[in-house]
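S.K.: Here is what each chain is made of, one letter per residue.
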Amino acid sequence: MTQTQSQATAAKPARPAPVRPAPARPVASTAPATAPLDARPFVQRLADLPGLTTGATLIGTLLLWEAAVRLLAIPSYLLPAPSAILSSFTAIGFERWMTHIWSTLRVAILGFALAIVVSVPLAMVMMRSALLSKTLYPLLVIVQSTPVVAIAPIIIVALGAGDLPRVVITTLITFFPLVVSTATGLAATPPELIELSRSLRAPAWREMTQIRLPYAVPYIFSALKISITLAVIGAVVAEFVAAEAGVGFFIQFSTSMFKLPQAWAGLIVLAAMSLTLFQLVVQVQKRVFPWSLPKSEH
Amino acid sequence: MMIQQPPAIRFDRLGQVFRTRSGQTEALRDVSFEVAHHEFLAVLGPSGCGKSTLLRMIAGLLKPTSGQVEVFGMPVTGPRDDIGIVFQKPTLLPWATVEDNVIFPVRHKTGRVSPRERERAQELLAMVGLEGFGTRLPDELSGGMQQRVGIARALHMDPDILLMDEPFSALDALTREVMGFDLLRIFAERPKTVVFITHSVSEAALLADRVLVMSGRPGSVASEHLVPVARPRGPDSMKDPALLDLTADLRDRLMTRAAA
Ligand SMILES: Nc1ncnc2c1ncn2[C@@H]1O[C@H](COP(=O)(O)OP(=O)(O)O)[C@@H](O)[C@H]1O
Ligand SMILES: [Mg+2]
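Which chain is which? The protein sequence lines are A and B, in order.
Just so we're aligned, residue 1 is where the first sequence starts under our numbering, counting upward by one.
Just so we're aligned, residue 299 is where the second sequence starts under our numbering, counting upward by one.
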């Protein structure tokens with residue numbers, strides 16, 4: 001897991017940047033000192049506009065970055081300038097990008113889907129049988145604590161070429177939080193409803209589908225949000241081991257050719273992919289299961 | 299007046315001992331009492347004296363370790379269709395509309411819902427004062443309204459017996475009082491055999507035909523009290539001297555028990 005975790009942190013630097021609303025604050029707080037009294041709510045309202053603070057942060061960061069690289073003459077293998085990254089990004093061309101993105105996306109989504117298909121029923125089985133739960137849990141923990149990067153080559157050898165080994169690697173990385181969270185959710189149902197179900201002598205499967213599973217939805221979505229970003233990491237890890245295409249492959253390839261701005265471009269594409277997929281999960285929960293969100297987020 | 303009919307509920311020298319990893323808990327010992335058909339019985343007693351356990355045994359969710367429970371003259375062997383339960387918390391399904399929550403027992407039991415049952419849900423919602431709220435989600439409702447849905451849900455399969463476990467404990471004092479008067483009206487319209495657990499002495503006296511006071515550890519029946527107030531009852535009954543005497547007496551008994 002250490003390998004995948006270092007992967008996780010390696011992919012991060014590009015990610016938190018747009019989330020931080022830092023530079024908007026000083027603008028808002030210094031405003032009342034110079035501007036007339038009613039200017040403050042306006043600036044604040046401006047800062048509250050969705051995307052505006054994020055955009056301002058992003059642009060500010062990029063400008064600072066560009067300036068730093070130029071003024072301090074930082075060599076491009078240490079930190080390429082945004083302009084250099086951008087020009088290598090456009091140099092790649094739309095079609096090549098699409099090939100790489102589609103390759104990674106396909107594996108990430110298939111692996112993620114397989115993880116859901118495996119872990120939700122597994123959690124249901126573990127919920128129903130204490131014995132199975134006791135036998136399976138240690139096994140799951142062992143699988144989870146084995147560094148996937150270490151078994152990835154074995155899986156590739158065992159399952160041959162094609163998407164399958166990469167999908168399996170992705171699933172291995174993503175399914176653990178799903179199983180644990182789903183099992184927790186299934187067990188978190190109010191005991192009164194279980195008594196109600198028993199007092200109605202309803203079949204056990206209906207207790208599962210009509211009570212426990214819907215009650216687990218918020219738990220499942222917390223795990224899905226973690227798992228979807230893990231899925232991208234999983235796909236990339238698999239590409240590092242064996243692949244002819246994919247954004248992870250592209251980054252590795254570019255680095256080995258010392259084309260660092262190009263590798264950075266790949267990294268940014270990867271971060272954008274992760275963010276998009278994460279947002280997709282968030283939106284699905286918002287649209288399909290609005291009741292599963294805390295009240296404030298409706 | 300109904301001499302030939304067996305009592306709706308009969309406890310016969312019932313005992314319940316829970317075995318847990320940390321040892322045994324004797325929750326109930328030698329509990330015997332009866333509830334007549336269409337009688338409203340309120341049960342008072344300190345926390346942990348086994349009131350909820352009693353209800354779970356009537357509902358057939360728990361087997362007594364000694365003695366027995368009979369419902370309509372038959373020993374309880376498991377859950378029955380003619381018993382409805384209202385819990386302390388409304389515990390509605392947060393994803394289902396109010397109406398779907400009311401029909402939930404039918405859907406959960408049979409997997410199907412007929413238009414007739416939807417109609418019935420509408421009638422019940424009107425009866426508990428929630429006309430027009432059928433399409434709302436539970437979290438759009440106040441605690442009192444949610445508990446009204448819980449009551450409608452328990453009544454939907456038209457049970458003969460209604461078990462209510464501290465149904466108003468989570469509500470504020472005013473809402474609680476209003477709910478009490480509404481219950482009086484509902485059961486005047488559709489008489490039921492009710493076992494109603496509460497910590498409120500005045501609530502017990504206002505609603506019940508008879509009040510059972512339990513003592514704790516192990517739980518057993520300490521005393522029984524007929525409520526000498528005629529029906530129909532309403533806000534004025536609260537000022538009835540007979541009712542005031544009874545509440546004072548009940549309060550004394552509970553106090554001395556709590557102090558002991
Ligand atoms: N399933 C159970 N297992 C073990 N002990 C239990 C169980 N249910 C209730 N008890 C114990 O039995 C006693 C009575 O519980 P309960 O009926 O919930 O009391 P009340 O409803 O009067 O507060 C308590 O001491 C409680 O801890
Ligand atoms: Mg209780």
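Hints were generated in silico from the structure; no laboratory data involved.
All of these numbers come straight from a predicted model, not from anything done at the bench.
All C-beta atoms in this analysis are idealised placements derived from N, C-alpha and C, irrespective of residue type, glycine included.
Honestly, I wouldn't trust all of these hints.
To be verified - Part of the chain B face toward chain A, derived, beta carbon under 10 Å:
# : residue
1 : R405
2 : F431
3 : L435
S.K.: Now, for every hint given, state plainly whether the structure supports it.
M.R.: Do the hints match the structure? See the list:
no.	hint	verdict
1	R405	holds, 7 Å
2	F431	violated, 16 Å
3	L435	holds, 6 Å
Checked against the numbered hints given earlier, this structure breaks only hint 2.
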